[in-house]
Every structure is written in structure tokens, then in C-alpha cells.
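**Student:** Sequence:
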Amino acid sequence: MGDDAIGGIRADLTRRVGAIEWRGGPRALAGEVDAIRSVARRHGMMPAAVVAEALEAALGRGEHGPLIHAWLTLLREAIASERQDKRAADSYAAACTVRLAG
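Residue numbers (the working numbering): 311 to 412.
No wet-lab data here; the hints were simulated from the structure.
Here are the simulated distance ranges between beta carbons:
1. L377 <-> D314: 33 to 39 Å
2. G372 <-> I316: 33 to 39 Å
3. A380 <-> D314: 28 to 34 Å
4. R371 <-> D314: 36 to 42 Å
5. A315 <-> R371: 32 to 38 Å
Source: prediction; values computed, not measured.
Don't be surprised by glycine CBs; every beta carbon is placed ideally from N, CA and C.
Build out the structure end to end from the sequences listed, making use of the hints.
**Tutor:** Printed below as a string of C-alpha cells:
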């Protein structure tokens, strides 16, 4: 897949993160995050997929409000990451672990 295609996917995913409707409740939010994770995984965007999975787990634990805003910020960063390899995904997974502990 070319750089233009990946750029378009990144732009779409970034737009989707920005359009998440907070008032829809955790179930609606989880559905949007699941869709973002699916697109990211399908296109080899491993950092974004890893963060989306961690965000889904955070929603499952009942996190909400400012904590979710922080997760979404990390998801946007993962989407924008130039590196999409396993080491990058591992780095984002570690950041998720730190966020979970913090």
C-alpha cells in the first residue's frame, strides 16, 4: 500500500477519533474504538491497533471522562506514528501499561 493510501487511512482514523460522541455512553464509544482498531489492524497500523485494544479494555473497566480523553490522545499519536512495526507497537503497549498503572 502506498504512502498516499496510508495517509488517507491515517486522516480517516484521526477524523473518527475526533468525532467520537461522548454522550453516546461507553457502549457507543466502545463500538467506535472497535471499528478504529479493526481498520488499523487490517492496514498494518500496529501501534494504533494496540492502543485501541487497551482503550477498549479501559472502557470495560469503567474508565470515563478525562481518563478516556488521555487514552484518545495516545490513540491519535499512535495513528500518526511513522513507524508501524512490532517494536513501535511494543513501545505503545508499554505506554499503555504505564497509563494503566498511573
